[in-house]
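Visitor: Protein chains in written order, with this note's numbering: chain A, 1 to 649; chain B, 1 to 107; chain C, 1 to 502.
It should be emphasised that the hints constitute simulated quantities derived from the structure, not laboratory data. All of these numbers come straight from a predicted model, not from anything done at the bench. C-beta atoms are modelled at their ideal positions from N, C-alpha and C, and glycine is treated no differently. Keep in mind that the hints are not guaranteed to be accurate.
Covered stretches of chain C, going by a simulated chain A footprint (3 or more residues, C-beta under 8 Å) [stated by the list, open to error]:
| hint | region |
| --- | --- |
| 1 | 330-344 |
| 2 | 365-377 |
| 3 | 469-483 |
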Amino acid sequence: MESALILIPILPFLGFLINGLLGHKMPRRAVSFFACAGPAAAAILSLLAFQQVAGGEGKAIVQSLGDWIRAGSLHVPFGLKVDHLSGVMLLVITGVGTLIHVYSLGYMRDDPGYPRFFAYLNLFMAAMLVLVLANNIVLLFLGWEGVGLCSYLLIGFWYKDLSNARAGMKAFVVNRVGDFGFVLGVFLIFVTFGTFEFDALNAGAAAKVTVSDSSTLWWIGILLFVGATGKSAQIPLYVWLPDAMAGPTPVSALIHAATMVTSGIYLLARLSGLFVASGVLPIVATIGALTALLGALIALTQTDIKKVLAYSTVSQLGYMFLGAGVGAFGVAVFHLVTHAFFKALLFLAAGAVIHSLHHEQDMRKMGGLLRKLPITATVFLVGALALSGFPLTAGFFSKDEILHETLHGGHALLYAVGFVTAILTAFYTFRQFCMVFLGEYRGSAHEGHGHHDTRGALVHHADSSEIRESPWVMLGPLVILGLLSLGGGFLDVPGFLLGAAHETQAAGVGTEAHGPDTGKLTGWILGGSAAIVGILAAFTAFQWSPGLVTRLQGTTPGKIFARLSYNKFYVDEAYDLLLVRPFSAVSLILFYLIDRALIDCVLVGGTGFFVRLTGSALRRIQTGRIPTYTVLLVAGVVGLLTIFLWAAG
Amino acid sequence: MTLSLSFCLHLSAAIFSIGVYGVLTRSNLIVILMSLEIMLNAVNLSLVAFGRAFLTDLTRDPSGPQVFVIMVLAVAAAEAAVGLSILLAVYRKWRTTNAGEIDLLKG
Amino acid sequence: MISIITFLPVATVLALLLVSRGSERAVRFIALFGSLATLGFALALLFSFSPETRGFQPQLTEQWRWIQSLGVSYKVGLDGISLFLVVLAALLTPIAILSSWTSVQKRILEFHIAILLLETGMIGVFVAMDLVLFYVFWEVMLIPMYLLIGIWGSGNRIYAAVKFFLYTVAGSLLMFLAILYLHGHVARHLAPLPATFDLEVIYTVLKAHPLGSGEQLALFLAFAASFAVKVPLFPFHTWLPDAHTEAPTAGSVILAGVLLKMGTYGFLRFAIPFFPLASLEAAPWICALAIVGIIFGACMCLVQEDMKRLVAYSSVSHLGFVMLGIFAFNLRGISGGVVQMINHGISTGALFLLIGAMYERRHTRMIVEYGGVAALAPRFAVIFFITTFSSIGLPFLNGFVGEFLILQGAFEANRTQAVLATSGVVLGAVYMLVLCRRLLLGPMSNPENDHLTDLNRRELGFLIPLVLLMVALGIFSPWLTDRVTPSVEHWLDRWAQVSSSR
């Protein structure tokens, strides 16, 4: 297995090369085969690797392939490592990834950019696998930027629509702002530790903190955290994720819910020793809790089926950061895993709905789809229950463990925020369920004039009679993910990771001190009731007593809140007004003022003017007649001779 | 009798001054060219004189100045050829060889 | 070997003159063949280069007497710093010739003569180990470039050519005076021995008998004037956008790819080692200007409407990184600077080639005239994207390695500066992606683009090798750095000795 680790990212990469270079010349079938073969093979290899790590001695698998960057004492090896943490991540990425590839075969069937789509998706898999396999932070950054690149390409996949291209750019640029912090953190790491390898960093940080070099560590922690907020869509850099929904829905499921956006959490967990020593965890926890709340508040009023899920993702990532911030890294990763299951499920189910409705995404034009799409509705319900944290589903265990650890760590206020968010989560999730699947179909009520969808193609609203279930190539992955969302909570991911940490004595995941779980049962009851309260409230508001919402929005505070939430608290507008516009204005002014006016006119033009002035004064001597010149020449020679003689004598 | 170095140099200076005077005062380009030749030969004279003087001074190489004379002669020949042909061209264009009347390069 | 590489282009020029009555095709093929042969020798050079040797490679050094009485000799050699610059110049010349295959239609013979002479000049600058020889090559390369812009340029070409010429000449005159002064100093200290312009001798003499600090500063500024214009360091950069914009594609490629590096190379080879104290003193100022250049250049890119002008300003920004790395005075900063010089040559060269291909088809450089090109010219779009990501330093492509090493080195030297410079990386992504979006993505808004054709075989023929290089240098960067770092270490050893000498 040691020598085969590199194959895990290489196989999807080969798929990328084949489909990217030859895809447009190959038949569909071949494209489909190469698209899914890479991730599937990677999944099998990952399973083998995982078994080797989990079973037996529990030792990490390491493979090193020489240096990537080398200058003096600076070495960045192509070093790959599978331990418990990356093993779990590998399984999630390749497992969920393969399912989504299969699903996409159906979803993208009629798209002219079919090979291109799978090429990008395979490239994404490769980059993401490098991200989790890397044994040093620079190689991780390679994957980190690679997934960002694929995210950019896939958000703007239907590039003929300028707004998609814009959304992709926004994602890349906002992530670059995060990377700004990330790379500075990397530089500081090398200056401080002289190495980039995770194990050495975790161990070194523990040693450093006793040498009282804590301010440097704090800076490293905060800078890396800035990077994590960019990739994992936390305050203040979350703004790109909702826009990223412009991409095809499988992309939203794979990249913007299940895998890429969780790489910030992975980074924190990977460097848990360093983060614990750095003392930035309280900030992480606070940001996480606030993001969770903000995301949930915005999700309450969104009408686009994918936007609701996007803000829900922001919110759930906030939970993970909250978990990591209170030191429960293993629990955060647990939530990452379950979230990958149920959020991928929700997105794919939403994709199936969108697919059946011919690319309609507005929930106000849906409704009553339970009868038309029973299978989709069932799996969506499963996902919704898991997201709400309904007892015994996957989300229930992982979310409750986070809240439990928060309270356990003595963060009562953060716990309260998390608890309120849990109710809100259940509420908005079932608001969505009600709007999409219950009630009457509202699509055909809207006159079927047709409009331009995200691909820029003219589509007609589906008549209620032509709404059909998606093909099994799409439903199959949904069912599998549904089962995982139901049962995923019984996987003891935190215990597994914690056990690993104790066994190998590495300062990896799970440095939290685990006390006796006396309050766990209370926590379960509280968490479960929060979910049930939220769900019941949603059914009340949107199913049983439909006038309630209208009445609530009639009151002034209700109106204000609805407006703020619907417009996402005007954060995008504020960024635009405070950052983007002033910046371009200043650039324009600088161009005309400094480059054109000051340098070109005053300095360069001034020099030219001076030369011209001197020239016009001196041109008088230039009579053009030889005798004048000769006189001047001889006078000059005589003059010089006189000076020399005088100087010598 | 032997010519002293200083006599030769004075003679050379005198000839040179005559040349300069010619260049400065004459307006006919042909005469100016001839005056230039006089100046060149004045320099040649002093070079030859130096070469002769170096024969007695063992620290110096006497062949240097002599070589230069040959060099100057060659350059002078070339210069005369180029100068005269320019002059011919000038005459064809302006129908004059008066230096004062040609001021195409006036700034 | 080095002399062959340097003068093979001149030999090709002679061959061209022999067939000057021949057909245009013959001229193009002979020029291409000559430059490819040069490239072949340059690649062979890579194999005779021994990576372990620190400093100039003795087995490659060639020396002949030239003007003995003045101490001028013909001495050429290579070390790890100049090796890849020579290869880069030899690589970009045939590409430039190929890129002009159809776009240049007037004075074809003269055009190729200019390009080949330019190549000799460029390679000569990088291999010269004698100050006078260096200066000769430095000036030799100026004239063909001036002609390239002035004759084969577009629109406002005369203005741009004159501006380019005056800026550079003003700088190099000051440098020439400084060279003469330096010669006097060296001659005095070598007294019984004949004076010399030999670089290695000058290093030794200056180590044993350093110049006074006032002298150093004056001479450093004189050298810096010449090099800073070439780099170009803010605020000496305004010739660059004009020159790039008006130059023909081949001119832009060579200008951005090689000529700009002569400035940074000059600092590394001459200005800093000659005048260590002065350069230490000036370092904070130069770093400040470099950072201003990085951010200012990026800001300028955001508001440009002309593609070539945008890429030109991006060069100001990128070369700012190189300067910052060099003036960090540490291994990573300088190695990164050298690596970045190569990488910038490849990626910006490719960008100019791509823009040139578009210009040849549509005869406009205005970004607003395009939009949605990706749908019409997918191959163009793919290569443009890869080049863009190489230019903004995405890992796995070449741009990242240099930028990473530079910023790491700068961070080790001065954290505030590194933080400011890193913000340029963010801006870099913004302006390049805005360019991509406006050029390639979105709907096809301009009907005049309807008949736009994709890249043809010839264009792919020179772009694909560049793309492969971008990927290869991004993955196998140690192959590059292993040849660069020993020389940089050697450079730093000497630097440490002389800069601490008082």
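Visitor: Compare the structure with each hint and give your call.
Guide: A quick look at each hint next to the structure:
{"no.": "1", "hint": "330-344", "result": "holds (count 4)"}
{"no.": "2", "hint": "365-377", "result": "holds (count 3)"}
{"no.": "3", "hint": "469-483", "result": "holds (count 5)"}
Violated hints: none; the structure is consistent with every hint.
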